Amino acid sequence: MTLGLSLGIVVGYLVVALGLGLVAYRVSETTAEDYYLANRSIGTLVLLFTTFATLLSAFTFFGGPNLAYAAGPEWLIVMGTLDGVLFAVLWYVIGYKQWLIGARNGYVTLGEMLGDRFGSTGLRALVAGVSLLWLFPYVMLQQMGAGEALVGLTGGAVPYWGGAALITGFMILYVAVAGLRGVAWTDTLQGLFMLSVVWIAAAWVVSSLGGVGAATEGMLAARPEFGSFGGGTYTPGFIVSTAITIAFGVTMFPQINQRFFVAKSATTLKRSFALWPVLVLLLFLPAFMLGAWAAGTPIEVPDGANVLPVILGEYAPAWFTALVVAGAMAAMMSSSDSMLLSGSSYFTRDLYRPLIDANASERREAWIARIGVAAFATLSFVASLFRPGTLIEVGDTAFSGFALLALPVICALYWPRTTRTGMIAGVAVPQVAYLAVVLSAVVGAVPTLPRTVFGGWDVALGLMVLSGALTVGVSLLTAATDEGDASRFAVAGD
Amino acid sequence: MTRSRSDIVWIPTFAILVAFAVPWPLWGVDRVVAGLPVWIWWHVAWLGLCATLFALFVRSGAWERGMGQRPTAVADAGTVEESATPTADTEGDR
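Chains as they are written, first to last, in the working numbering: chain A, 105 to 598; chain B, 1184 to 1277.
Accuracy of the hints is not assured; some may be wrong.
Covered by chain B, per the in silico footprint, the following chain A stretches (three or more residues, Cβ under 8 Å) [claimed, not checked]: (1) 179 to 187; (2) 313 to 319; (3) 377 to 387; (4) 451 to 458; (5) 518 to 525.
Think of the hints as simulated: they come from the structure by calculation, not from any bench. Bear in mind that the values here come from a model prediction, so they are computed numbers and not experimental data. We put the CB at the ideal spot given by N, CA and C, even for glycine.
From just these sequences and the hints, can you work out the full model?
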């Protein structure tokens, strides 16, 4: 099996995805509502898969199996709980409420919604700025994943930077031509594709190992501690704080949060909600068990490589491995596209227009958005070359940063007494504190602040509590401003 | 009357669904059943239960009542299949 064919499959798949985006572009209108929200016309299947595919990232395909391989299959429980159950509940609590409010007042972004409610351009810009800040490591994570994936697939013939650069190029090209309709279409294609492929991969490996029972036996022979629930990395503190920070963080991701505004009808949201736990399980079970089972096989996973392509390379034909890597890279591309697209709407609507040029033409705004995307992706590409942590670590940092927004937003959605000062304090203070923790690990001159305390409890969880307490406490101490209007968020009684 | 008293039960239900998606009672248990650690089966079954109860939550109309919206008449009657239910929100289709 030649290198050329593997690379051909990867590039070919990316080109097909790009082609689909172009078709979607041709049927779309040129308004901002269509570009960012596909005219709020997304149906159940597409909404479900476009949200799902946004979660189909390097974090799931490479980071997840890697952690299961190193520390045990409990990662399935952590991700299943946070994504399948807690996120679904938040989908209702935050998502449906935002949909009701957004549809009523025509909002496109979270910052716009909050800025309008509290009559504050500053809050609007703050929320957008914070979101863009944490989007950066998560886009970088996809580039790191793609770089590692191609190194693994080609045995190092394509260098790490080459893979990262390839996906960066496709990302920029894709966002520039497609808009949300295109992203949503390819997400659906990719979601269905990856779901099938990951099951075929699991079946292939399991049958080579002699069945599920034999695979588990092999795993337990090599790592007996994998069989019992908990232990090692998986302390109660780790499980609880990871599940909570990631689930709340996911709801505040620009690309997920913006999905709350795009559903065609409430029925779409309701169906997606009920199907969600099953869909999540269908993806995570084979992906993470493959990682865990790999621990019982004689494969060697080199430093900085991902376990999934390695085990497939051992037990499945090369063309199939290439197809899985292609699918995973395309999934990362579509995650990143969603992120960059939403990020660009945060940038143009919440930062550029209100702060720099309120009268910019639509055409100018569209160009600013595209240039912004190219600059953002290029910078995160450069940062990805330094590989500042594992995929899980980088992802977790981003999730936690977003999670700190969640409680103030929930307060604003449900508690009319929330004030502008309360919101600003509740958002800004925990963000500054968390940024200090994260940066202290990167900057050599200062002592590194601990990320976890008391056996695996994440400090971000404590800061989440602080964010809620500050929002409520400061709101109680301050009066609502004249510009604020709580009735903007009222949805009941008609 | 937009919220029925029995809807309150959904709050503890959701809390339990979230809390026990993690198989806490099986902490440290290492039995293997049907080829997989038993706590993985707990999780699989639990997520199935979640999907079922989520569907029930939607179908019972608690979904709308929880936000102070009016469920559609058909959903109230509880007889019509979900797929036949027209859009439930008061704003209509967008």
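Against the structure, the hints:
1. 179 to 187: n = 5 at 8 Å, threshold three: holds.
2. 313 to 319: holds (count 4)
3. 377 to 387: The restraint on the stretch 377 to 387 of chain A holds, since 8 of its residues have a Cβ under 8 Å from chain B and three suffice.
4. 451 to 458: violated (count 0)
5. 518 to 525: violated (count 0)
Hint compliance for this structure: hints 4, 5 are broken, all remaining hints hold.
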